[in-house]
Amino acid sequence: MNVFKREIKAVARTSAIWICAVTGVSVLMMMFYPSFERDIADYVKLLENLPPAMRAIMGLQVQNFASAAGFYSFCLLYALLLGSIQAANLGFACVSKEVTMGTADFLLTKPVSRARILTSKLLASFSVIAAANIVYNLVTVPLVMSFTGGGSLKKVLLLNASLLFLQLIFFASGFAVSAAAKKIKSVLPYSLGLVFMAFALSAFAVTSREDKLRYLTPFQYFSAEYVMANGSYETRFAVLAAVLVCLGVAAAYLFFIRKQIRSR
Amino acid sequence: MNIYRRELKAHRKPLLIWSACMLFLVAAGMGKYSSQLGTGLNINDLMQTMPAALQKFFGLGVLDLSVAVEYFGVLFTYIALVAAVHAAMLGAEIVSKEERDKTAEFLMAKPVSRARILTAKLAAALTNVLALNLFTAAGSFGVLNYYSQGAPFAGRWGMLMAALLAVQAFFLATGVFFASLTGKHSLATGAATGLLLLLFVIFVITDIFGRTDFLRYVTPFKFFDAKVLMAGKYENIYTVITVLCVAAFVFFAYRFYRRRDLKV
Numbered sequence: 001m002n003v004f005k006r007e008i009k010a011v012a013r014t015s016a017i018w019i020c021a022v023t024g025v026s027v028l029m030m031m032f033y034p035s036f037e038r039d040i041a042d043y044v045k046l047l048e049n050l051p052p053a054m055r056a057i058m059g060l061q062v063q064n065f066a067s068a069a070g071f072y073s074f075c076l077l078y079a080l081l082l083g084s085i086q087a088a089n090l091g092f093a094c095v096s097k098e099v100t101m102g103t104a105d106f107l108l109t110k111p112v113s114r115a116r117i118l119t120s121k122l123l124a125s126f127s128v129i130a131a132a133n134i135v136y137n138l139v140t141v142p143l144v145m146s147f148t149g150g151g152s153l154k155k156v157l158l159l160n161a162s163l164l165f166l167q168l169i170f171f172a173s174g175f176a177v178s179a180a181a182k183k184i185k186s187v188l189p190y191s192l193g194l195v196f197m198a199f200a201l202s203a204f205a206v207t208s209r210e211d212k213l214r215y216l217t218p219f220q221y222f223s224a225e226y227v228m229a230n231g232s233y234e235t236r237f238a239v240l241a242a243v244l245v246c247l248g249v250a251a252a253y254l255f256f257i258r259k260q261i262r263s264r
Numbered sequence: 001m002n003i004y005r006r007e008l009k010a011h012r013k014p015l016l017i018w019s020a021c022m023l024f025l026v027a028a029g030m031g032k033y034s035s036q037l038g039t040g041l042n043i044n045d046l047m048q049t050m051p052a053a054l055q056k057f058f059g060l061g062v063l064d065l066s067v068a069v070e071y072f073g074v075l076f077t078y079i080a081l082v083a084a085v086h087a088a089m090l091g092a093e094i095v096s097k098e099e100r101d102k103t104a105e106f107l108m109a110k111p112v113s114r115a116r117i118l119t120a121k122l123a124a125a126l127t128n129v130l131a132l133n134l135f136t137a138a139g140s141f142g143v144l145n146y147y148s149q150g151a152p153f154a155g156r157w158g159m160l161m162a163a164l165l166a167v168q169a170f171f172l173a174t175g176v177f178f179a180s181l182t183g184k185h186s187l188a189t190g191a192a193t194g195l196l197l198l199l200f201v202i203f204v205i206t207d208i209f210g211r212t213d214f215l216r217y218v219t220p221f222k223f224f225d226a227k228v229l230m231a232g233k234y235e236n237i238y239t240v241i242t243v244l245c246v247a248a249f250v251f252f253a254y255r256f257y258r259r260r261d262l263k264v
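Just so you know, the sequences run in chain order A and B.
According to this note's numbering, the stretch in the first sequence is residues 1 to 264, in order.
According to this note's numbering, the stretch in the second sequence is residues 1 to 264, in order.
Everything labelled a hint here was simulated from the structure, so no lab data went into it.
Each hint can be trusted.
Capping the alpha-carbon separation at 27 Å, the derived lysine-lysine pairs in DSSO-like fashion look like this: (1) B/9 - B/102; (2) B/110 - A/185; (3) A/97 - B/102; (4) B/97 - A/97; (5) B/97 - B/184; (6) B/9 - A/185; (7) B/263 - A/9; (8) A/97 - A/183; (9) B/263 - A/183.
From just these sequences and the hints, can you work out the full model?
In structure tokens:
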């Protein structure tokens with residue numbers, strides 16, 4: 001319990017800033033909707049004349065885009081980007097920071113097993129991610145609902161849940177690496193590198209639903225287009241995401257319990 | 001010279017990893033190119049029938065996706081984003097790592113002035129950034145050469161790579177600036193990341209909503225956007241702003257680094 005509390009306290013301030021940023025970017029972009037809405041009806045017909053390949057590149061589906069929920073699914077992308085960075089940071093720093101800050105021997109000489117330490121840290125990180133998602137939903141759901149007039153609630157909730165799942169995936173990958181690596185001197189280059197690579201791949205390299213590259217980037221696992229069109233996730237990607245999260249966490253335990261940890 | 005060589009050696013492995021990722025991005029993105037994309041209708045004619053706000057949203061008015069090098073222009077935004085992350089992290093890291101790794105005392109005890117240390121580090125960082133730029137340039141030249149099938153592309157390719165270097169220089173300078181300002185490694189990388197994300201979000205907003213025209217003078221992602229460059233809409237003031245910003249960041253980096261208490 002002490003490790004848990006200590007961990008929450010250590011990340012509280014940074015996490016609060018991240019939560020504001022993630023929520024803020026969605027709110028900011030939704031603010032542009034009213035001015036957009038006025039013109040949009042006229043555009044829709046014209047938009048449908050664009051070649052499908054071109055639309056795919058822009059990551060937009062015409063019929064989706066014409067509604068408030070569709071517009072939101074587009075804004076969400078940038079909240080997902082920031083949220084993923086936050087989660088990757090949490091994961092990469094979770095264990096490795098004890099080594100970098102030279103507190104590892106202090107922590108490990110306490111009468112607590114390594115597995116329990118890891119569990120406390122895991123729970124603390126999950127709480128932070130949960131808090132981020134609660135705040136995000138509390139702010140964005142009413143906002144988007146005010147634009148849709150109460151419709152599409154299920155789709156919006158599904159879209160928002162993809163933030164949670166993406167955060168879990170990026171957290172788990174960072175967590176595993178952080179537990180396995182000898183030493184991670186600084187967290188941000190790793191997390192930014194990982195998330196931005198995935199983001200860039202998803203944004204321009206993926207042009208169709210059958211594209212094999214989709215397996216490489218979590219940003220495609222909970223495709224907003226698919227949610228908007230079908231009101232559900234794609235099963236194979238949802239399963240893949242769950243497997244990845246479990247694998248990451250399991251690997252972290254496996255590595256951390258038997259790892260040689262350097263003391264200063 | 002010793003410091004310069006030491007830094008080059010220390011950053012060799014990360015540089016290779018970043019370069020490999022960059023080449024993968026370029027190859028994966030251009031792999032989707034097909035000269036059939038834009039044919040079937042004249043994009044520019046279609047664009048002219050659309051209201052201005054929507055033209056901006058799609059941003060395709062000036063990019064003809066059936067031309068390989070203009071298709072590459074769409075990818076360029078993300079290439080610039082990844083390169084910017086690399087440069088910002090490198091700049092912050094190269095200066096602040098001495099204090100993080102407790103090697104600052106060792107370094108400062110050497111008969112070299114702080115200004116010379118910073119100069120050597122800046123030169124090493126610049127070499128790294130240039131190397132990533134050259135890798136990207138070589139990779140994209142190869143891919144463009146393959147897909148262009150004789151169509152001229154070298155001029156626009158050269159322009160984009162010069163723009164990439166400008167973006168890299170800008171973010172390298174911000175990273176070095178923040179690291180010189182504060183001795184805390186996490187704070188330096190965090191501030192550099194925050195600025196980068198902020199500028200990127202501003203870019204996205206100006207890019208797709210287009211109603212905030214004055215904001216285009218704020219973010220280098222906008223200055224060196226492929227759409228701006230290829231449409232010949234580049235304004236010379238962008239060069240002035242970039243040069244002034246880089247000069248100011250570097251000037252203040254020297255100023256702070258020479259006077260600051262180092263954390264030991």
